[in-house]
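> Sequence:
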Amino acid sequence: MRTILQQSERDCLLACFAMTLSTYGINRQPWQLIRQTTAFESEGISAAELRALTAGYGLRLRARRGSPSEVWRALTASRETSIVHFTPHHYVVVRAARSRRKMRVHDPAIGRYDLREEDFEERASGAIFSFYPQDTALLAKQAARTPGRYALRRVVNALGQRSHLMMLLAYLLTQVSALGLSWALRDLVDQHRSAAVSALLVTGILLASVLSVVTKVHGTAAGARSFDARYSNRLFSSLLAKPLAYFERNSRGSLMERLSFRFAIRDAIIVSALPQIASTITSAVIIAYLALLDPWLACGILVCSAAFLAINQVLIGEQNSANVSYILRQQEFGQLVQRDLASIADMITLGVTDSTATAWGESNSRLTDSYIKVVRTTGYSQGLSSIFTFLISAGLALYSAARFQSGAMSLGTLLMIQVAGGLVASGLKDTLTLVVTLNQVRQNTDRHTEIFDSTDAQHFVDRTVASQDLIEADALTIGFGRNRVIDDVSLRIAPASRTFIVGPSGSGKSTLLKGLVGLLPHTGTIALSPGLRDHLGVAFAETRPGGESVRQALDPRGVGLTDDDGRAALEAVSLRGRVTRLPLGLDSYVSEDGTNLSNGERRRLAIAKALAAGDSLVLLDEPFIGLDEQTVRTVFRQTIGEDRSRAFLIVTHDLELIDDDDAVIFVSGSGTITGSTHASLIRRCPEYADFVGAGSVTARLRGGAGGDS
Numbered sequence: 001m002r003t004i005l006q007q008s009e010r011d012c013l014l015a016c017f018a019m020t021l022s023t024y025g026i027n028r029q030p031w032q033l034i035r036q037t038t039a040f041e042s043e044g045i046s047a048a049e050l051r052a053l054t055a056g057y058g059l060r061l062r063a064r065r066g067s068p069s070e071v072w073r074a075l076t077a078s079r080e081t082s083i084v085h086f087t088p089h090h091y092v093v094v095r096a097a098r099s100r101r102k103m104r105v106h107d108p109a110i111g112r113y114d115l116r117e118e119d120f121e122e123r124a125s126g127a128i129f130s131f132y133p134q135d136t137a138l139l140a141k142q143a144a145r146t147p148g149r150y151a152l153r154r155v156v157n158a159l160g161q162r163s164h165l166m167m168l169l170a171y172l173l174t175q176v177s178a179l180g181l182s183w184a185l186r187d188l189v190d191q192h193r194s195a196a197v198s199a200l201l202v203t204g205i206l207l208a209s210v211l212s213v214v215t216k217v218h219g220t221a222a223g224a225r226s227f228d229a230r231y232s233n234r235l236f237s238s239l240l241a242k243p244l245a246y247f248e249r250n251s252r253g254s255l256m257e258r259l260s261f262r263f264a265i266r267d268a269i270i271v272s273a274l275p276q277i278a279s280t281i282t283s284a285v286i287i288a289y290l291a292l293l294d295p296w297l298a299c300g301i302l303v304c305s306a307a308f309l310a311i312n313q314v315l316i317g318e319q320n321s322a323n324v325s326y327i328l329r330q331q332e333f334g335q336l337v338q339r340d341l342a343s344i345a346d347m348i349t350l351g352v353t354d355s356t357a358t359a360w361g362e363s364n365s366r367l368t369d370s371y372i373k374v375v376r377t378t379g380y381s382q383g384l385s386s387i388f389t390f391l392i393s394a395g396l397a398l399y400s401a402a403r404f405q406s407g408a409m410s411l412g413t414l415l416m417i418q419v420a421g422g423l424v425a426s427g428l429k430d431t432l433t434l435v436v437t438l439n440q441v442r443q444n445t446d447r448h449t450e451i452f453d454s455t456d457a458q459h460f461v462d463r464t465v466a467s468q469d470l471i472e473a474d475a476l477t478i479g480f481g482r483n484r485v486i487d488d489v490s491l492r493i494a495p496a497s498r499t500f501i502v503g504p505s506g507s508g509k510s511t512l513l514k515g516l517v518g519l520l521p522h523t524g525t526i527a528l529s530p531g532l533r534d535h536l537g538v539a540f541a542e543t544r545p546g547g548e549s550v551r552q553a554l555d556p557r558g559v560g561l562t563d564d565d566g567r568a569a570l571e572a573v574s575l576r577g578r579v580t581r582l583p584l585g586l587d588s589y590v591s592e593d594g595t596n597l598s599n600g601e602r603r604r605l606a607i608a609k610a611l612a613a614g615d616s617l618v619l620l621d622e623p624f625i626g627l628d629e630q631t632v633r634t635v636f637r638q639t640i641g642e643d644r645s646r647a648f649l650i651v652t653h654d655l656e657l658i659d660d661d662d663a664v665i666f667v668s669g670s671g672t673i674t675g676s677t678h679a680s681l682i683r684r685c686p687e688y689a690d691f692v693g694a695g696s697v698t699a700r701l702r703g704g705a706g707g708d709s
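Residue numbers for the sequence shown follow the numbering used here, beginning at 1 and rising by one.
Keep in mind the hints are simulated off the structure, nothing from the lab.
Note that the structure is predicted; figures quoted are calculated from it, not measured.
You can take every hint at face value.
Pairs of lysine to any residue residues, derived as SDA-like cross-links and limited to a Cα-Cα distance of at most 20 Å, are as follows: (1) K429 with L302; (2) K429 with S381; (3) K102 with T81; (4) K429 with V303; (5) K242 with F261; (6) K429 with L172.
Assemble the whole structure, with the sequences as input and the hints as a guide.
Here it is, written out as structure tokens:
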């Protein structure tokens, strides 16, 4: 079974299902399992969605619940692969290990490890999902498909052939220098060379070492530049070509983490893999040379190396399990402390801080036990490596001494074999490490496969039409999973019009706004006037300028903003004086934490940004949220209220801003959508009239209570 890592906690159950599919020969990444109808809840897909996915792959899902001990007994008896729920909200794939005293866990968050019965029962909630073949023909059909297959070639090609060869040559020159030194020692001792010849040999070895350093430096620089051009830049382009739904499904933190893996991939190849390859090649050459001197000697080295590799592989598995257990204990302790500190006032009031300290101590004791296991397994692994090096060196020394005493080997050859023995031991250890390095590269590159291989469209616009309207929507339907949010809507947005989208919270207003400009998948048709996107300004509810200068914030397309245009945009939202007082004016940095501009001021800056960018159509999603009533009226009057040169499409709860002749799209809580003028809707739509009446009462109760302006 392949270990597949999740991209975020919402992908956890999907990653577990992908691992389960791999046991049937079906290779999928979690993102490849997502269908357009897949509904994501706050913590990922539901069990019902998992059941629907399972049927699509020819499998039958059986969900059951029992005590953690019952789950352990069932899994050890059946040895079946199942998905188990861990508390508080995490899923893993488990299967009984061969000894039946441990459970092999494939965790999509941190990888593979083993759990003993007491640790398993501590984490398992008792919920378990098992899978059984139901449609063998469909299973075979899905296994034959291999979308987004991983290829190490992408990483290898990213470094460029020239840089590869330069770096490999550099590391080989380092090895050759060491071998040259051993050969020179043998020649000097056995042939009694003159001082001049000795100096010449040493100079040659020194030059090879210098050439190795120079080649390595230039090769590393060339490889890093090539990696940026062929991998990193393509990664950025592929990510930024994703549809909006992708970014809403993944947090900024998870995306930043995935992007940072490019450094681990690059360094693993340049810093680790290439030196290890050179060391492996050197070991193979030396062993071949020793085989010419004495085949039994070479066989002895190979047998000793095979035993070392086998034992070390077992220790690596134990070390990995210990490391994972340590990580889990760290997470457990951190969650406990964070939970208790969040309610510290309650604990002090109730006088339970002593029992809390005891609980912290018990958790920390378990953490220390895990740390001791890490130290123990690491010590054994390092000790085995030292023993292996000693055995190789001692064996070669004894063999060489015996051969020398019998007259079958010269003193120079004895010295050469001793130097070569150290290179062999180091090279064989590097060979084992190379396997681990390449596996890490594969795992890290798998985190990027979704970004590189997905071909989802970014804009869902069906056609462009040269008509009198900016936007035409016909029979527009937008849904998430089986839930239809927007159902069969037809409307037009005319130039220089002012249209308000209103309705209860959660009714789908923002969804409709994003759908009208082609940001969401849909049925029906959406047509935009040609080139509209180049003349569009937007400020969604989540838009908060920060981490850039005021000038950059007002120039989202990067075409260049003059001081006059910048000041005019700021004047419209009553920010000109505030920005003028900043140290660098338009070029002042806008902090993300609100230290120089408050949240309300940043919200007004977002409105100015939309106005500066959109000379044909401006989209505003809750533009005045967080602003006091007086600021709302002032900004509205100076921007939208007096502007008839472009169209506005506005999602708002500020109903008092709407005039009788303004166009209104009412998205009701029952799912119906009605469009007309404000006055007309009040007359013929009782639900809208009630909604407006309730909004007026709310506005009076608010009574101008200030927000952060």
